[in-house]
Each structure stands twice: as structure tokens, then as C-alpha cells.
Amino acid sequence: MTETFHSADFDKTPPRPRVVMPERLAHPAVEAAGQHGDYSRARKHPVFFVDLPSHAISMTIGWLDPGQSSNRHRHTYETLIYILEGEGYSYIGGRRVEWRQGDAVYVPVWAWHNHVNTGTGRARYLACENAPMLQNMGGVALREEVPERGDRLFDADHDGGGR
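Under the UniProt record's numbering, the first residue of the sequence shown is numbered 1, with each subsequent residue one higher.
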């Protein structure tokens, strides 16, 4: 059982960290295990969850086919995206950000965004997010999605100025 601390318990911080060794330390063949069905269907592109016992960060692998765009969405967690292969752009908070293999892209908290593959091949990415940390703090990892695809953001009040 995990001990819960409150504001008045600041002086009870242990002097040393405690190592908690989980059963699993590796998730072999992530993409071979198959895409996360419901999540992928809702996003209209394949997404593979890396299933490891992190309490603070999550990792997914996904791709967009040539000409494909993700749904516009936003969430209360930060995202770092590393482009494994391909090229395209993302609209993030009303700004167009070009990317290609080897690039990294940052998506700030609650910024409307979507991703578009402009290449002739698959655009594969690795996304890391701090959603588990927010979920473990009391369910504050939220996501809002617009089912239409496209590259125009529409909400000037929430996307840093719109487009």
C-alpha cells in the first residue's frame, strides 16, 4: 500500500528514495503486439501503447499514412513527439510546425493541434506524455477531440490565436 502525504507532512519526507522494482522492465516487440483497437479507431490511425509501469510518463508509437491527418484535439498533458520516419507538419496552437525524420516536436498543455503526413511513405512517431502523472494526481489528464480532420484550427480562445 502506498503512503499518502499531505501539506502538513512535508517534514516526513524520507531521507532516501525507496526502490520499488516492478515485475516488468521491458515491453518487447511493441508494434508486433498490435495496435490499441478502440483508441486507434477513435483517432483514425494506428496507435501502439508501450505497456510499462511508469507512474509519470507514457509512450506510444503511431503512424499516419501518406496524405492522412489526425483529428484535431487538445489535452491537459504535455507531449513530446519524435519523428521516426516520414515528413509532414503539425498545427499547434494556430502555428504550422514542419517536421521530418529525426525531428522532435513539442505540444503544450491544452493547445489545439493535429498532425498531417505530407510524404509519400508512412510517417511514424514516438510520443511521450506526462498523462500518467496527472492521472495519478487525481484524474486531471483530460482530452478533448474534434472528429473532423483537417489542418485548420478553429478555436481562437484556446489555441493561442487561431489561424
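Calculated directly from the structure, the hints in this document are not laboratory data. By construction, the Cβ of each residue, glycine as well, lies at the ideal position given by its N, Cα and C atoms. Please note: incorrect hints may appear among the correct ones.
[To be verified] Ranges between beta-carbon positions, derived for each pair: (1) A8 x V50: 35 to 41 Å; (2) E98 x T76: 49 to 55 Å; (3) R143 x R95: 40 to 46 Å; (4) A8 x H55: 22 to 28 Å; (5) G67 x P28: 29 to 35 Å; (6) S54 x R143: 40 to 46 Å; (7) H6 x Q101: 17 to 23 Å; (8) K44 x D9: 42 to 48 Å.
Results for each hint:
no.	hint	in the structure
1	A8 x V50: 35 to 41 Å	holds (37 Å)
2	E98 x T76: 49 to 55 Å	violated (26 Å)
3	R143 x R95: 40 to 46 Å	violated (20 Å)
4	A8 x H55: 22 to 28 Å	holds (23 Å)
5	G67 x P28: 29 to 35 Å	holds (32 Å)
6	S54 x R143: 40 to 46 Å	violated (18 Å)
7	H6 x Q101: 17 to 23 Å	violated (47 Å)
8	K44 x D9: 42 to 48 Å	holds (46 Å)
The structure fails to meet hints 2, 3, 6, 7 from the earlier list, while all remaining hints are met.
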